[in-house]
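Student: Sequence:
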Amino acid sequence: MTSTSPRIVSGLTLSPGTARAPLITLAEPLSFWGGFDAATGKVMDHRHPNLGLCLTGAIVRMIAARGSSSGSSVLAEAIRLGTAPAGFVVRERDAILLLAALVAADLYRTPCVIVQLDSAAYAGLDGASHVAIRAGQAEAEIETEIVAS
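Be aware that the sequence shown starts at 235, since it is given in the working numbering, and climbs by one per residue.
It is possible that some hints are incorrect.
[Stated by the list, open to error] Pair ranges (Cβ atoms, derived):
no.	residue 1	residue 2	range
1	Ile-242	His-280	33 to 43 Å
2	Gln-371	Ala-329	34 to 44 Å
3	Ser-304	Tyr-342	17 to 27 Å
4	Leu-341	Ser-239	35 to 45 Å
5	Gly-370	Gly-286	12 to 22 Å
6	Gly-268	Ser-239	38 to 48 Å
7	Thr-252	Arg-281	12 to 22 Å
8	Ser-239	Lys-276	13 to 23 Å
9	Cys-288	Ala-357	17 to 27 Å
Derived from the structure by calculation, the hints contain no laboratory data.
For glycine and all other residues, C-beta sits at the position ideal for the given N, C-alpha and C.
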């Protein structure tokens, strides 16, 4: 396996912080209410293409979260338990994810980084296996590590 040069994409910080982790791209949006097990960190929605995938400690890339605003409480609980993703990269601003990150940062002093990218920057992460996020108060940078076989 050979490694290619890292790329940097820029985006908008929704929840500040830093994270470096494997990048997991979900095939479709995920509902955290009924679709994610906060105790295990796994996707549990039987209709989701990523059923059974563990998201703990990863940077999750998805268009947006799906469904119930109660998903914020499930994600906040996962952050408290240490089973949540380290962060999220989304294309659409998502109040469900943001509320969970804000609550967890305030109550548990545990950050969950969230960055919003435009379509071109989101596509710029295709093929990345790991990313490092530096999300300030307004702007964020994501550095990719792409491993080719």
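Student: Would you say the C-beta atoms of Thr-252 and Arg-281 sit inside 12 to 22 Å of each other?
Tutor: For Thr-252 and Arg-281 the Cβ distance comes to about 34 Å; the hint is violated.
Student: Does the Cβ distance between Gln-371 and Ala-329 fall inside 34 to 44 Å?
Tutor: Check failed, 19 Å falls outside 34 to 44 Å.
Student: Just tell me: holds or violated, for the beta carbon distance of Gly-370 and Gly-286 against 12 to 22 Å?
Tutor: violated (35 Å)
Student: If you check the beta carbons of Ser-239 and Lys-276, does the distance land in 13 to 23 Å?
Tutor: Since Ser-239 and Lys-276 have Cβ atoms about 33 Å apart, the given range 13 to 23 Å is violated.
Student: Could you see if the CB distance from Gly-268 to Ser-239 stays within 38 to 48 Å?
Tutor: Distance hint for Gly-268, Ser-239 holds at roughly 41 Å.
Student: In this structure, is the beta-carbon distance linking Cys-288 and Ala-357 contained in 17 to 27 Å?
Tutor: holds (25 Å)
Student: Can you tell me whether the CB distance of Leu-341 to Ser-239 sits inside 35 to 45 Å?
Tutor: holds (40 Å)
Student: Is it true that Ile-242 and His-280 lie within 33 to 43 Å of each other by Cβ?
Tutor: holds (38 Å)
Student: Is 17 to 27 Å a correct range for the gap between the Cβ atoms of Ser-304 and Tyr-342?
Tutor: With a Cβ separation near 18 Å, Ser-304 and Tyr-342 satisfy 17 to 27 Å, so the hint holds.
The structure does not agree with the numbered hints 2, 5, 7 and 8 stated previously, though it agrees with the rest.
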